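**Student:** Given next are the chains, with one letter for each unit.
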Amino acid sequence: MSELASESSIPGWVGGRELASESSIPGQPLLSAISMSKSFGPTEALTDASMSIAAGEVVAVMGPSGSGKSTLLHCMAGIIQPDGGTVTYDGRDLGAMPDGPRSALRRSEFGFVFQFGQLVPELTCVENVALPMRLGGMKRREAERNAREWLAKLEVEDVAGKRPGEVSGGQGQRVAVARALVTGPKVVFADEPTGALDSLNGEHVMRLLTEAARQSGAAVILVTHEPRVAAYSDREVVVRDGRTRQLEYAK
Amino acid sequence: MSIGHTLLGLLERGPRHGYDLKRAYDEHFGHDRPLHYGQVYSTLSRLLRNGLIEERGVETGGGPERKRYAVTAEGVTDVAAWLSTPEKPELYMQSTLYTKVVIALMSDRNAEEVLDFQRAEHLRAMRELTARKRSGDLADQLICDHALFHLEADLRWLELTAARLTELGKRVKP
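So the protein lines, in turn, are chains A and B.
Last residue of the first sequence: 251 (the working numbering), numbering continuous.
Last residue of the second sequence: 425 (the working numbering), numbering continuous.
If you are wondering where the hints come from, they were derived from the structure by calculation, not from laboratory data.
As the structure is a prediction and not an experimental result, all values here were calculated from the model.
Certain hints may be false.
Restricting the straight-line Cα-Cα distance to at most 25 angstroms, the calculated cross-link-like pairs of lysine to any residue (SDA-like) are [what the hints assert, rightly or not]:
1. A/Lys153 / B/Gln392
2. A/Lys186 / A/Met138
3. A/Lys186 / A/His204
4. A/Lys153 / B/Lys384
5. A/Lys153 / B/Leu389
6. B/Lys384 / B/Leu286
Start from the sequences, fold in the hints, and give me the full structure.
**Tutor:** Rendered as structure tokens:
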């Protein structure tokens with residue numbers, strides 16, 4: 001216990017390194033943030049926050065509302081720039097990259113699932129899922145064929161021709177998961193992906209999301225305040241008052 | 252878990268002998284703890300003594316003779332009464348965890364760490380249950396969900412307490 005106590009108070013790499021050495025995940029983390037800080041006006045959202053994720057790993061980021069977990073996710077995804085600290089993806093410093101290449105990297109390597117409103121309401125579900133591939137220059141036919149395959153994997157092939165407003169919340173989230181995974185991202189960022197769903201639908205989405213990510217080898221950073229959702233992850237990072245705590249697990 | 256009531260309930264589907272009852276019990280309710288034969292026969296003899304079941308013939312075959320049991324009208328009434336009596340909600344008012352947190356605060360140890368150790372252990376248990384649920388049938392899922400919701404309630408308490416440690420510290424160590 002005392003060894004764990006001293007290690008768990010070290011911010012940053014502890015969880016990732018321990019996991020890497022014990023479960024044959026190759027040495028370096030795929031994405032890591034070290035000592036990030038971020039303020040919005042007078043409000044300090046992050047203070048010395050660190051976390052890392054290895055390829056194919058599913059990590060839950062937990063904490064109360066307003067603890068900074070979404071800010072942590074947005075900084076790691078390169079959506080917002082931290083005031084201090086560094087974010088490194090596959091050896092590249094995201095903060096040092098110009099906006100253009102950083103956006104391109106986000107499109108090709110990262111996938112996103114949010115709580116609400118991410119599907120384009122005017123497009124059908126299959127067009128929504130095909131959208132990232134179309135933006136990448138793929139022909140419509142091929143993009144929509146891939147999209148249908150992903151809709152089938154997420155068990156929502158029957159809503160392919162419907163618009164987001166015509167499908168249930170759970171179906172819409174599964175379409176969003178398909179869209180996040182369709183480009184074969186290395187990291188999926190999921191911010192309260194089940195937050196607007198009832199327990200049964202939420203669990204269904206989580207099961208499909210984690211299974212699909214594991215099959216395609218994508219890492220998942222899962223922001224949630226629900227322990228039952230976090231239970232689908234491999235480990236968790238807790239955020240309290242903008243600081244991260246890496247939890248160690250007894251074997 | 253009232254084994255007696257459960258066996259009576261299983262007998263409402265028709266007379267059975269002890270071995271059959273054990274099998275039915277284990278299949279539906281014995282996931283972690285299958286019944287011992289001793290438990291089955293001691294329970295049946297108690298039910299017989301109290302007039303809740305009666306002997307209904309003997310099954311003869313290649314093996315030893317086996318008595319068949321049937322539920323009586325009193326037994327059926329007993330099951331009905333059991334089903335309509337709510338279980339006492341389990342309140343853990345004397346939580347060991349609460350005591351640990353207070354002792355940690357009183358002795359200037361790191362109480363947040365005490366909570367985090369527990370948190371990690373609870374989540375580990377939840378992960379195991381979630382994995383089991385994913386590979387199990389509906390019965391497994393429902394049994395695991397029951398445990399998961401209880402663990403989740405504990406975790407919510409851990410989180411709330413973590414947010415109130417400073418306040419609690421002032422109370423217990425003025």
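**Student:** Starting from A/Lys153, check that the Cα of B/Leu389 is at most 25 angstroms away, please.
**Tutor:** holds, 21 angstroms
**Student:** Going straight from one Cα to the other, do A/Lys153 and B/Gln392 come out at no more than 25 angstroms?
**Tutor:** holds, 22 angstroms
**Student:** Can the restraint linking A/Lys186 and A/His204 be considered satisfied, given a maximum Cα separation of 25 angstroms?
**Tutor:** holds, 22 angstroms
**Student:** Does B/Lys384 sit within 25 angstroms of A/Lys153, going by the straight-line distance between their CA atoms?
**Tutor:** holds, 20 angstroms
**Student:** Starting from A/Lys186, check that the Cα of A/Met138 is at most 25 angstroms away, please.
**Tutor:** With a Cα-Cα distance of about 19 angstroms, the restraint between A/Lys186 and A/Met138 holds, given a limit of 25 angstroms.
**Student:** Against the 25 angstroms threshold, does the CA-CA distance of B/Lys384 and B/Leu286 hold or violate the hint?
**Tutor:** Within the cut-off at roughly 23 angstroms; holds.
Consistency with the previously given hints is maintained throughout, with no hint failing.
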